[in-house]
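Peer 1: Given next are the chains, with one letter for each unit.
2 protein chains.
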Amino acid sequence: MACPFCNPKESGNTIIAENEYAYVIHDKHPIVEGHLLVIPKRHYETIVEMDEKTLCGTMLLVREMEKRLMERVGVKGLTLRQNWHPFLKEDELVVRHVHFHIIPREYNDKMASGIERIELSNIKKNEIAKKLR
Amino acid sequence: MACPFCNPKESGNTIIAENEYAYVIHDKHPIVEGHLLVIPKRHYETIVEMDEKTLCGTMLLVREMEKRLMERVGVKGLTLRQNWHPFLKEDELVVRHVHFHIIPREYNDKMASGIERIELSNIKKNEIAKKLR
Numbered sequence: 000m001a002c003p004f005c006n007p008k009e010s011g012n013t014i015i016a017e018n019e020y021a022y023v024i025h026d027k028h029p030i031v032e033g034h035l036l037v038i039p040k041r042h043y044e045t046i047v048e049m050d051e052k053t054l055c056g057t058m059l060l061v062r063e064m065e066k067r068l069m070e071r072v073g074v075k076g077l078t079l080r081q082n083w084h085p086f087l088k089e090d091e092l093v094v095r096h097v098h099f100h101i102i103p104r105e106y107n108d109k110m111a112s113g114i115e116r117i118e119l120s121n122i123k124k125n126e127i128a129k130k131l132r
Numbered sequence: 000m001a002c003p004f005c006n007p008k009e010s011g012n013t014i015i016a017e018n019e020y021a022y023v024i025h026d027k028h029p030i031v032e033g034h035l036l037v038i039p040k041r042h043y044e045t046i047v048e049m050d051e052k053t054l055c056g057t058m059l060l061v062r063e064m065e066k067r068l069m070e071r072v073g074v075k076g077l078t079l080r081q082n083w084h085p086f087l088k089e090d091e092l093v094v095r096h097v098h099f100h101i102i103p104r105e106y107n108d109k110m111a112s113g114i115e116r117i118e119l120s121n122i123k124k125n126e127i128a129k130k131l132r
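Chains as they are written, first to last, in numbering that gives the first Met the number 0: chain A, 0 to 132; chain B, 0 to 132.
Honestly, the hints are just simulated from the structure, not real lab data. Treat each hint with caution, since some may be false.
Any copy will do: because identical chains look the same in the list, a pair fits if it lies in one copy or spans two.
[As the list claims (entries may be wrong)] Straight line, CA to CA, 27 Å or less: simulated DSSO-like cross-link-like pairs of lysine-lysine:
(1) K8 / K66
(2) K40 / K66
(3) K52 / K124
(4) K75 / K40
(5) K27 / K8
(6) K75 / K52
(7) K27 / K75
(8) K66 / K52
(9) K123 / K27
(10) K123 / K8
(11) K52 / K40
(12) K8 / K129
(13) K66 / K129
(14) K75 / K129
(15) K8 / K75
(16) K123 / K52
Take the sequences, apply the hints, and build the full model.
Peer 2: What follows is the structure, encoded as structure tokens:
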């Protein structure tokens with residue numbers, strides 16, 4: 000199977016932002032509104048494999064998106080997360096191409112006590128993407 | 000109160016590794032064995048505040064520590080996590096100086112269903128640190 004993160008547009012994703020090294024899309028199975036993925040354009044399975052320029056370029060895009068979420072969406076908390084073999088029960092969701100989750104947080108949210116996915120409409124997704132572009 | 004991450008040694012921490020921009024210690028309240036913190040030497044509250052060199056330097060140390068955990072400790076999975084205002088119930092644990100958690104993962108661990116802290120003896124801590132230095 001072709002890697003969906005090597006070919007984000009063919010996989011039906013909208014690119015919210017990008018730089019030379021990485022791009023940003025919505026998580027297809029978001030935990031909360033504004034749950035983004037920052038993904039290097041080249042295929043790596045782990046952070047350890049990433050070359051210095053790609054790792055730095057990817058993190059600069061993470062920094063930029065966190066800034067936009069704070070300034071434009073008004074999020075009051077953020078969690079950055081990158082999993083290598085998280086051994087989730089929902090293992091069919093896992094794509095073996097490094098991706099960094101940016102997850103807005105709020106008081107008393109569910110993240111401290113586990114992970115639950117939500118449904119997010121395309122309208123809502125577009126609304127958030129518009130603020131972040 | 001003085002920031003404990005600005006003065007790690009005075010706060011009783013042992014530095015496991017460091018580079019020009021960041022250093023590594025054990026998490027004082029680990030979720031699992033080998034739970035590390037990678038911390039920039041300069042004080043920042045968020046990733047957004049971090050200058051490019053510090054952000055990149057910190058991530059290169061993250062990459063190095065993930066490599067050591069894989070090669071020397073034999074971990075089979077890893078989660079990288081950075082929280083800004085995670086709104087944990089255990090809020091007294093939170094230090095307002097950016098720190099990146101590196102958390103070894105294994106099949107059927109507890110992280111997918113919540114967070115539980117463990118006690119880790121100094122002997123065990125030293126054992127792991129020795130492998131990672």
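Peer 1: Does each hint hold? Answer for all of them.
Peer 2: Now the hints, each set against the structure:
1. Proximity of K8 and K66 under a CA criterion of 27 Å is satisfied intra-copy only: 25 Å inside one chain copy versus 32 Å between copies.
2. Proximity of K40 to K66 under the C-alpha cut-off of 27 Å is found in both arrangements, the shortest distances being 21 Å within a copy and 22 Å between copies.
3. In the homo-oligomer, the alpha carbons of K52 and K124 never lie at most 27 Å apart, since the shortest distance is 30 Å inside one protomer and 33 Å across protomers.
4. Taking identical chains as interchangeable, the C-alpha atoms of K75 and K40 lie at most 27 Å apart only when they sit on different chains, with a minimum of 25 Å there against 29 Å within one chain.
5. Taking the closest pair of Cα atoms, K27 and K8 come within 27 Å of each other only inside a single copy of the chain (13 Å); across copies the shortest separation is 43 Å, beyond that limit.
6. In this assembly of identical chains, the alpha carbons of K75 and K52 lie at most 27 Å apart only when taken from different copies (26 Å versus 30 Å within one copy).
7. Taking the closest pair of Cα atoms, K27 and K75 come within 27 Å of each other both inside a single copy (22 Å) and across two copies (26 Å).
8. Taking the shortest Cα distances, K66 and K52 sit within 27 Å of each other both inside one copy (21 Å) and across copies (17 Å).
9. In this assembly of identical chains, the alpha carbons of K123 and K27 lie at most 27 Å apart only when taken from the same copy (13 Å versus 40 Å across copies).
10. In the homo-oligomer, the alpha carbons of K123 and K8 lie at most 27 Å apart inside one protomer (19 Å), although the nearest pairing across protomers, at 47 Å, exceeds that limit.
11. With identical chains, the CA atoms of K52 and K40 are at most 27 Å apart both within one copy (12 Å) and between copies (22 Å).
12. In this assembly of identical chains, K8 and K129 lie within 27 Å of each other by CA distance solely inside one copy; the values are 17 Å within and 45 Å between copies.
13. For a Cα distance limit of 27 Å, the shortest separation of K66 from K129 inside one copy, 15 Å, qualifies, whereas the shortest one across copies, 38 Å, does not.
14. For the homomeric pair K75 and K129, the shortest alpha-carbon distance inside one copy (19 Å) is at most 27 Å, but the shortest distance between copies (38 Å) is not.
15. In this assembly of identical chains, K8 and K75 lie within 27 Å of each other by CA distance neither inside one copy nor across copies; the values are 31 Å within and 31 Å between.
16. With identical chains, the CA atoms of K123 and K52 are never at most 27 Å apart, being 33 Å at best within one copy and 35 Å at best between copies.
Comparing the model with each numbered hint stated earlier shows that hints 3, 15 and 16 do not hold.
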